[in-house]
Amino acid sequence: MDFNLTREQELVRKMMRSFTENEVEPIAAETDRTSEYPAETIDKLFRYGVMGMVVPKEYGGAGADDVCGAIAIEEISKACASTGDIVATHNGLCCGPIMKHGTPEQKAKYLPMLTSGHVGAFALTEPNAGSDASKGTTTAVLDGDHYVLNGSKIFITNGYVADIFVVFAMTDPSKGTKGISAFIVEKDFPGFSVGKHEEKMGLHGSPTAEIVFTDCIVPKENLLGVAGKGFSIAMQTLDGGRIGIAAQALGIAEGAMAKAMEFTKSRVQFGKPISKFQNTQFKFADMQVAITAGQYLTYAAAAKKGEGKRFTLDAAMAKLFTSENAMKITTECLQMFGGYGYTKDYPIERMMRDAKITEIYEGTSEVQRIVISGNIL
Amino acid sequence: MKIIVCVKQVPDTTGKVAVKPDGTLDRASMQTVTNPDDLNAIEAALAMKDEVGCEVIAVSMGPAPAEGMLRELLAMGVDRAVLVSGREFGGSDTYATSQILACAISKIGLEKEDIVICGRQAIDGDTAQVGPQIAEKLGIPQITYVAGIEKDGDKIVCKRMLEDGFMKIEAQTPCLLTCVKELNQPRYMSIGGIMEAYSKPYEVFDYEALKDSPLMDAESIGLKGSPTNIFKSFTPPQKGAGTMLKGADKNTCKELAQILADKHLI
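Protein chains in written order, with our numbering: chain A, 122 to 498; chain B, 10 to 275.
Keep in mind the hints are simulated off the structure, nothing from the lab.
All values reported here derive from a predicted model rather than from experimental measurement.
Even glycine gets a Cβ: it sits at the ideal position worked out from N, Cα and C.
One or more of the hints may lead you astray.
Here are a few chain A residues that face chain B, going by a calculated C-beta distance under 10 Å [unchecked claim]:
1. Asn-125
2. Val-133
3. Lys-135
4. Phe-140
5. Glu-146
6. Ile-148
7. Lys-165
8. Tyr-169
9. Gly-170
10. Gly-182
11. Ala-185
12. Cys-189
13. Ala-193
14. Lys-425
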């Protein structure tokens, strides 16, 4: 059993750390303040092969393994969880299902686009179908050589910047989850439009929007996988996506802890730096244990995915553990900053706001507990 | 056309400097980085490769762990890497190093349109001597302090930075350039580059590989063959904050004169 990262995984960490320090961190606070999509950073992430990094070389990707994918998101999220979210969604939720379920023609058309500047998204959630994804009401009706989609999807990450969407719709509402199918939808297809842009508590730089289908024409060949297997494709995709969110949560926690360590070493109260108080030291010790344990869970889930083994349970455990710890750690770190932590002069309040979503999206903590218990009972 | 870039692994100056009893650096106990100016040299070569599609070869002299640095350069886009490494080369000063590197470069082979690029100087020794000495050993033209490069066939026109301006110098290739940080902003490794870094051509040239080169003189390599003897290496003590005198009046001038007189400077 080898717990060491490979040479390539170590280099990905080094490269992403340097990129994050120079390109992501300097604009993270401004991105949060203005809620502006970090377009320039994403362009650079395409240029350096981070966007679509797990796509095989033959389709323009770097052919990186899933552990490299997780490390990249972890490193970016140390400074900016919004940018981490954009990358995680693109790689895990859009490139992922097309790589796994796409036909050779779909792969040949869409994967090169997703590695050369076209952003991807994933559209499953609806107003009345969140955790219970089977209750979606968006429909897809076959009409000759195309499907006609009607309905809307909400909380779609990359919603107003993406060019390519993996969309789930009912092709046979009478069959429940077995009546759901997946489609690859381009933003320029007739009848596709972007609705409300969400104003969120955190992740301000991550563009979240409603997307609307009004008699949207989707060519028949854009059906992803087999008709009626959409629910299974969605669940498998979310298993992979959860590794990305676990990595994002890890990054947020590590970023917050690094900021808190720096602050407590320089903040003097009662005649000494507050890092010298055992209360502070023990808190950091507990945080480090949670972060290291979270890394093992996350990388192990990613490695299993890469080996083609079943990783549903591993991904759910990693996501549950790291997201709940990200919330705990950012809260503890903010406490160490005292009143300063509650101001926008320091990044810690942003990190705490950003951490909260990791307990909610791509399956809430409650859903993860359903998945975990369902796999072990 | 190919570009050979000479690079050096240097101690990370943000860490502590360790020195061996013979006065040379104890590299094993220090964190290392690629010499910053050498990254500008790599970027210049890669930019030219992006433009005209030439081959870029990185050459470094150092101990075996320098392979890590060379793999990072391969991940940035360098095509081939050569590590010049051998017990016989240990402790070489700039004179010996430039001789060994010149041997390595002539073994790789310099053709009519080729260019050798070095960083201006390394942050550990700060001598800026190796690049120019390599050019002398190879008998090719050199342009130092390069802040801009235009290539046209077998001619090259460079902007040479001076303290108060710049010169434009034309040279015939093959030639050697030493570049300054103002030349460019080095790129990062790319994910695709990282995935290929360990499968790209990588060679080690030891003494055996270079000993028959006409440029090699076994008497002037390594610590014994180096004309420079290091008497002592140390980190200079940090200077104090200094004293600021404010005012343009006579009293301030008197005060300044008194300080200088007290220190026997006037």
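Worksheet item: So which hints don't hold here, by number, going up?
Response: 1, 5, 6 and 14
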